[in-house]
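Visitor: The lines below spell out each chain.
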Amino acid sequence: MNALQVLWRRQVIKYLRSRSRIIGSLGQPLLFLLVFGLGFGKIFEAAGQGSYIKLLAPGIMIMSVVFTAIFTGIEIIWDRQFGFLKETLVAPVSRFSIMFGKTLGGATVSVIQGVIVFIITLLVGFHPIWAGVVPAIIGLFIIGALFSAFGIALASKLKDMQSFPIVMNFVVMPLFFLSGSLFPLNTAPTVLKILTEINPLTYGVDLIRGLLGGVYQFSLGLDSIVLLVATALVILWGAYSFKKIEA
Amino acid sequence: MEKMIEAQNLTKKFDSLTAVDSINFEVPKGTIAAFLGPNGAGKTTTIRMLTTLLQPTSGETKVNGFSHKEVDKIRHSFGIVFQDPSLDDDLTAEENLVFHAALYGISKKDAHGKIDEVLNMVDLNDRRKDFVKTFSGGMKRRLEIARSLMHTPAVLFLDEPTIGLDPQTRNKMWEYVKELRTTKGLTVLFTTHYMEEAEKAADIVFIIDHGKIVARGTVDEIKKSTDTKTLEEAFLKLTGSDIRPSEASAADAFKSQARAWGRR
Numbered sequence: 005m006n007a008l009q010v011l012w013r014r015q016v017i018k019y020l021r022s023r024s025r026i027i028g029s030l031g032q033p034l035l036f037l038l039v040f041g042l043g044f045g046k047i048f049e050a051a052g053q054g055s056y057i058k059l060l061a062p063g064i065m066i067m068s069v070v071f072t073a074i075f076t077g078i079e080i081i082w083d084r085q086f087g088f089l090k091e092t093l094v095a096p097v098s099r100f101s102i103m104f105g106k107t108l109g110g111a112t113v114s115v116i117q118g119v120i121v122f123i124i125t126l127l128v129g130f131h132p133i134w135a136g137v138v139p140a141i142i143g144l145f146i147i148g149a150l151f152s153a154f155g156i157a158l159a160s161k162l163k164d165m166q167s168f169p170i171v172m173n174f175v176v177m178p179l180f181f182l183s184g185s186l187f188p189l190n191t192a193p194t195v196l197k198i199l200t201e202i203n204p205l206t207y208g209v210d211l212i213r214g215l216l217g218g219v220y221q222f223s224l225g226l227d228s229i230v231l232l233v234a235t236a237l238v239i240l241w242g243a244y245s246f247k248k249i250e251a
Numbered sequence: 319m320e321k322m323i324e325a326q327n328l329t330k331k332f333d334s335l336t337a338v339d340s341i342n343f344e345v346p347k348g349t350i351a352a353f354l355g356p357n358g359a360g361k362t363t364t365i366r367m368l369t370t371l372l373q374p375t376s377g378e379t380k381v382n383g384f385s386h387k388e389v390d391k392i393r394h395s396f397g398i399v400f401q402d403p404s405l406d407d408d409l410t411a412e413e414n415l416v417f418h419a420a421l422y423g424i425s426k427k428d429a430h431g432k433i434d435e436v437l438n439m440v441d442l443n444d445r446r447k448d449f450v451k452t453f454s455g456g457m458k459r460r461l462e463i464a465r466s467l468m469h470t471p472a473v474l475f476l477d478e479p480t481i482g483l484d485p486q487t488r489n490k491m492w493e494y495v496k497e498l499r500t501t502k503g504l505t506v507l508f509t510t511h512y513m514e515e516a517e518k519a520a521d522i523v524f525i526i527d528h529g530k531i532v533a534r535g536t537v538d539e540i541k542k543s544t545d546t547k548t549l550e551e552a553f554l555k556l557t558g559s560d561i562r563p564s565e566a567s568a569a570d571a572f573k574s575q576a577r578a579w580g581r582r
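Those protein sequence lines, which keep their order, are chains A and B. Quick note: the first sequence uses this note's numbering, first residue 5, plus one each step. Quick note: the second sequence uses this note's numbering, first residue 319, plus one each step.
Hints in this document: simulated from the structure, not taken from any laboratory. One should not assume that every hint holds.
[Unchecked claim] Taking lysine-lysine and the DSBU-like style, the derived pairs with C-alpha atoms no more than 30 Å apart in a straight line are: (1) A:197 to A:58; (2) A:247 to B:331; (3) B:451 to B:426; (4) B:331 to A:248.
Bound conformation, chain A alone (with noise of 0.2 Å):
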């Protein structure tokens, strides 16, 4: 086994053994299911938007993927305050192999979280495009990948844990509540749609509501582009700030 694997594994083992992460943190993407699913439905229906669900479902396994992803960087945090980190920085391993470890571990956990509410929209009534699965758990994994490194980026400057909830309300809210994921782009209002079409999610929430829906706002093109370019980017950029890090 090599450094890159073992780091990824320990993070896919702690998440696995800790049952009360991943019942708690369905909690908040059925909670938004449920109420705008059941409150909103009806009237987006009624006004001849078409299913809403359709639109839903893929915005909320989203959801699920940035906020499980984004955890990386709480568990960077936690790593460094209960000493685990300097183990991990004293040893001859370069510092972007751990970072990238640690993406690769945030992105398979992410994706498996991803799925888990993939198959519960399934029960409330999605219907996906069967072919386009595959394709939406590999853009989802892309996802992951991109909040991982983004949450390892923010963590990497941050000295307590109490500065990251400020971090979820300042910065991963907006992004998510600006990516398109609750309502759909074509009749929002133009400084709206500025604000999403600027935000690298809206493209990854195109792709999977494209892949699952066959619709696209953009193109699986764009998507795909916008996508990797900003994952690629934000990968350096967290690299970059993890080599800076002290234990």
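With chain A fixed as given, assemble chain B onto it according to the hints.
Guide: Relative to chain A, chain B alone:
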């Protein structure tokens, strides 16, 4: 004698504070050396520079003949037990060691035998499948020592290794370390606040204060030069008896908080 640890004009400044002030020292192969000094004297900062966790402001360090710029070679050369625990509580003892083996590029085949060997050495083989969170402080320390020796380092750094250990565990720990020094020529640098520990274990002693080495030599030489009967008296004579101001770190604050709320 081959020099295993060297520092030349080693200096570390944090903003206006000079934590380590142009110190020079060396530790020959197979020697157990002690770093003594009041809180904030610069002991841990020096160890952090020697172990590549901190870049010196100026000066040179060498471990096992490698300069601090040869990061990977230097990191393969030493093992370290940190002042604070650095195990993953949510993994088993064995998993912690497997993790270490992978980080140090020990093959799966070799790792198996090595894990057995080090666990036997610290009498933890029967607890290998247990989660570290079920371990007492002394057992965690023993596991950390075992882990630090897994990649057969030439040099071992111990930063206050015996804090919170009972005399039995402390004795046992020094037994392993001394045995490894004799059988494998292991070189050891440790810091401690227990003077009797330094008297018992150390071949040479460095007393550090305000970032400078204020005395060095064998315990007897230091006692003789200060005209005192015990190392503790010598230490107080050299560093004064005022209590040093020290602040709780962010990590300390976090830990008390985590204890109050329960971890996960």
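Visitor: Decide, hint by hint, whether the structure agrees.
Guide: For each hint, the structure was consulted:
| no. | hint | verdict |
| --- | --- | --- |
| 1 | A:197 to A:58 | holds (21 Å) |
| 2 | A:247 to B:331 | holds (20 Å) |
| 3 | B:451 to B:426 | holds (25 Å) |
| 4 | B:331 to A:248 | holds (17 Å) |
In this structure, every one of the numbered hints holds.
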